[in-house]
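Visitor: Residue-level listing of the chains:
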Amino acid sequence: AQSVTQPDIHITVSEGASLELRCNYSYGATPYLFWYVQSPGQGLQLLLKYFSGDTLVQGIKGFEAEFKRSQSSFNLRKPSVHWSDAAEYFCAVNGGGFKTIFGAGTRLFVKA
Amino acid sequence: GAGVSQSPRYKVAKRGQDVALRCDPISGHVSLFWYQQALGQGPEFLTYFQNEAQLDKSGLPSDRFFAERPEGSVSTLKIQRTQQEDSAVYLCASSSGQGVLYEQYFGPGTRLTVT
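Top to bottom, those sequences are chains F and D. When we follow the numbering used here, the leftmost residue of the first sequence carries the number 1, and every step to the right adds one. When we follow the numbering used here, the leftmost residue of the second sequence carries the number 1001, and every step to the right adds one.
If you're looking for bench data, these hints aren't it; they were derived computationally from the structure. All C-beta atoms, glycine included, are put in the ideal place defined by N, C-alpha and C. Wrong hints could be hidden among the right ones.
Derived DSS-like pairs (lysine-lysine); straight-line CA-CA distance at most 25 angstroms [to be verified]:
| no. | chain 1 | residue 1 | chain 2 | residue 2 |
| --- | --- | --- | --- | --- |
| 1 | F | LYS111 | F | LYS61 |
| 2 | D | LYS1057 | D | LYS1011 |
| 3 | F | LYS99 | F | LYS111 |
| 4 | F | LYS68 | F | LYS49 |
| 5 | D | LYS1011 | F | LYS61 |
| 6 | D | LYS1014 | F | LYS99 |
Simulated restraints, written as ranges between beta carbons of each label pair [to be verified]:
| no. | chain 1 | residue 1 | chain 2 | residue 2 | range |
| --- | --- | --- | --- | --- | --- |
| 7 | F | GLY16 | D | SER1073 | 43 to 53 angstroms |
| 8 | F | SER26 | D | GLY1040 | 36 to 46 angstroms |
| 9 | D | PRO1061 | F | SER3 | 12 to 22 angstroms |
| 10 | F | GLU15 | D | PHE1066 | 30 to 40 angstroms |
| 11 | F | ILE60 | D | GLY1016 | 40 to 50 angstroms |
| 12 | F | GLU15 | D | LYS1014 | 42 to 52 angstroms |
| 13 | D | ARG1081 | F | GLU15 | 28 to 38 angstroms |
Partial selection, computed: residues in chain F whose CB lies under 7 angstroms from chain D [what the hints assert, rightly or not]:
| no. | residue |
| --- | --- |
| 14 | GLY43 |
| 15 | ALA86 |
| 16 | ALA87 |
| 17 | ASN94 |
| 18 | ALA104 |
| 19 | PHE109 |
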């Protein structure tokens, strides 16, 4: 069965510092992989996705993620965090059907 | 343009009541998804529509949950005889193509509280 693990429930980063949010998945083959952001009062927004090809994918708002098959990971990174990045981040996987499995989320706090 | 809208935004129901949650997808979007998001958790897939056809309802937690999209546009999620464990935010998403390879656009959700 597919599953997604986001090991960090919350992370605090200083503004301007780099960020890495971890995501590990369990699936027999290479799934489709996604990162979403959920800000208070706003709907989920897709940051980036990986289907195939280049394992380093670029997304919106300066985010990128790297797919590592050997580690079953799809970690999200940003070189310099802005206060507006404070939100909840969800990693998600899909094995090709209609059902996407979401992780429990990592809440990002940004301190001045 | 207008995004996905959901109504009501908040709903309080007494245990045992029936509720109906509405989703207005982006105009012309073929696909529509419903998710349930419990407090402190990620969204959980409930069901998927391609136009008016419900192609996957594997995530519906019980037969008290029913979803429809009769004209391939607006969708309604109905929960009969609500129970406390139904308290959650119900999210709707739509996309322009079939399946999950197209970006899903999410609505703001309906927060259901069952007392």
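Visitor: Hint by hint, which ones does the structure fall short of?
Guide: Hint check: 3, 5, 6, 8, 10, 13, 15, 16, 19 fail, others pass.
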